[in-house]
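Per my numbering, the sequence shown runs over residues 4 to 137.
Read the hints as simulated data drawn from the structure, not as lab findings. Note that the structure is a prediction, hence the values are computed from the model and not measured. Worth double-checking, as some hints may not be accurate.
[What the hints assert, rightly or not] Derived DEER-like restraints, expressed as beta-carbon distance ranges:
1. Arg129 to Pro9: 34 to 44 Å
2. Gln47 to Gly76: 34 to 44 Å
3. Thr102 to Arg27: 13 to 23 Å
4. Thr102 to Ser18: 28 to 38 Å
5. Arg123 to Trp11: 21 to 31 Å
6. Ala91 to Trp11: 17 to 27 Å
7. Ser87 to Pro41: 32 to 42 Å
8. Arg123 to Pro75: 14 to 24 Å
9. Gly74 to Gln46: 29 to 39 Å
All C-beta atoms in this analysis are idealised placements derived from N, C-alpha and C, irrespective of residue type, glycine included.
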Amino acid sequence: MTVDRPAWLAAGQMSPLDDKLGIRITDFDPDHVVATMPVDGNQQPFGLLHGGATCSLVETVGSWAAALGAGPGRQAVGVELNVSYLRAATEGVVTAVATPVRRGRTLATFTIEVTDEQDRVTASARLTCMLLAA
């Protein structure tokens, strides 16, 4: 099931970095925010998906999950990110899914799994965000 962008969330709220990397949120469900990113254009010199691009994808999808869970009038900022790279992605599109571990009043933690087009896990991550008034 795909959940559309909430009405309170402005349509142009993606970051310039997300635009450069081609990151797109495809499901705005706070219990499993989903985003995609192309491998092409985001590789390191050896043709593999760059770890920094993967971190940006993970931070984006996890931060959106935190912001959606916090609701209107709040914002989320990452305070800790941990990523393990499990398999190289060399082509196609990777998909990241953020699921909540814990949602508190001031902190929210998510696990994020990144998969390739063959549904193989390429990275596993954990992101903690601080929730602030907007």
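Right, here's what the structure says about each hint:
no., hint, result
1, Arg129 to Pro9: 34 to 44 Å, "violated, 25 Å"
2, Gln47 to Gly76: 34 to 44 Å, "holds, 39 Å"
3, Thr102 to Arg27: 13 to 23 Å, "holds, 19 Å"
4, Thr102 to Ser18: 28 to 38 Å, "violated, 22 Å"
5, Arg123 to Trp11: 21 to 31 Å, "violated, 36 Å"
6, Ala91 to Trp11: 17 to 27 Å, "violated, 39 Å"
7, Ser87 to Pro41: 32 to 42 Å, "violated, 22 Å"
8, Arg123 to Pro75: 14 to 24 Å, "violated, 37 Å"
9, Gly74 to Gln46: 29 to 39 Å, "holds, 37 Å"
Checked against the numbered hints above, the structure breaks hints 1, 4, 5, 6, 7, 8 and satisfies the rest.
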